[in-house]
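S.K.: Numbering (the working numbering), first residue to last: 21 to 182.
Watch out, some of these pointers could steer you wrong.
Unchecked claim - Pair by pair, the computed Cβ-Cβ distance ranges are:
1) ALA129 to GLU69: 17 to 27 Å
2) PRO123 to VAL61: 37 to 47 Å
3) HIS149 to VAL174: 14 to 24 Å
4) ASP172 to THR82: 31 to 41 Å
5) TRP71 to LEU169: 13 to 23 Å
6) GLY145 to VAL174: 36 to 46 Å
7) MET64 to SER159: 31 to 41 Å
8) ILE120 to LEU54: 20 to 30 Å
9) GLU147 to PRO102: 52 to 62 Å
10) MET92 to GLY72: 40 to 50 Å
11) TRP71 to PRO102: 21 to 31 Å
It should be emphasised that the hints constitute simulated quantities derived from the structure, not laboratory data. All C-beta atoms in this analysis are idealised placements derived from N, C-alpha and C, irrespective of residue type, glycine included.
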Amino acid sequence: FAFTLTFAFSLAYIIRRDERFDCIAFCSAVLGILYGIGAIVSGMLWAKEVWGSYWSWDPRQTTTLTALLAYMSYLALRSSIPEIDRARNVSSVFGTSAYITIPLSFVSAVTFRSLHTQIPQQPLGFEAHILLALRVATSFALFLSFVRLYYDRVRKKVINQT
């Protein structure tokens, strides 16, 4: 979800040139990278336990790492350009382009043979649907809270610099 926000707000910045959109895209990318690192590390620990090695170049592992590296590159590119308007423009184009790694990750998980177990196609009961919806809603709300907190912090920093 984080990188979808980065994509959407980067695109919005390209269209509207509103610096708030760029700031939200940036904050979402930073938090997405933190979540991504957590996913990679926890996945490696799980893989060691289940497959016997931390890394096996499984399609899901590899495409998740590719997406993470793409958005780390977004931050590196952004910070390497000293002129703020140019940094916003270039990073917005890159943030929009890097999004291709997200559907690629999803498609690779479904298309290629994987060490990951496939999700059984058994229907979930009503209680399981409710619990899943609550987990997703809670995660979504928590993430948006983090984006808001980080956004406020970044905006204050930008305002103090001008």
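S.K.: All hints, please: hold or fail.
M.R.: Do the hints match the structure? See the list:
no. : hint                         : in the structure
1   : ALA129 to GLU69: 17 to 27 Å  : holds (20 Å)
2   : PRO123 to VAL61: 37 to 47 Å  : violated (24 Å)
3   : HIS149 to VAL174: 14 to 24 Å : violated (37 Å)
4   : ASP172 to THR82: 31 to 41 Å  : holds (36 Å)
5   : TRP71 to LEU169: 13 to 23 Å  : violated (37 Å)
6   : GLY145 to VAL174: 36 to 46 Å : holds (43 Å)
7   : MET64 to SER159: 31 to 41 Å  : violated (21 Å)
8   : ILE120 to LEU54: 20 to 30 Å  : holds (21 Å)
9   : GLU147 to PRO102: 52 to 62 Å : holds (55 Å)
10  : MET92 to GLY72: 40 to 50 Å   : violated (28 Å)
11  : TRP71 to PRO102: 21 to 31 Å  : violated (45 Å)
Checked against the numbered hints listed earlier, the structure breaks hints 2, 3, 5, 7, 10 and 11; every other hint is satisfied.
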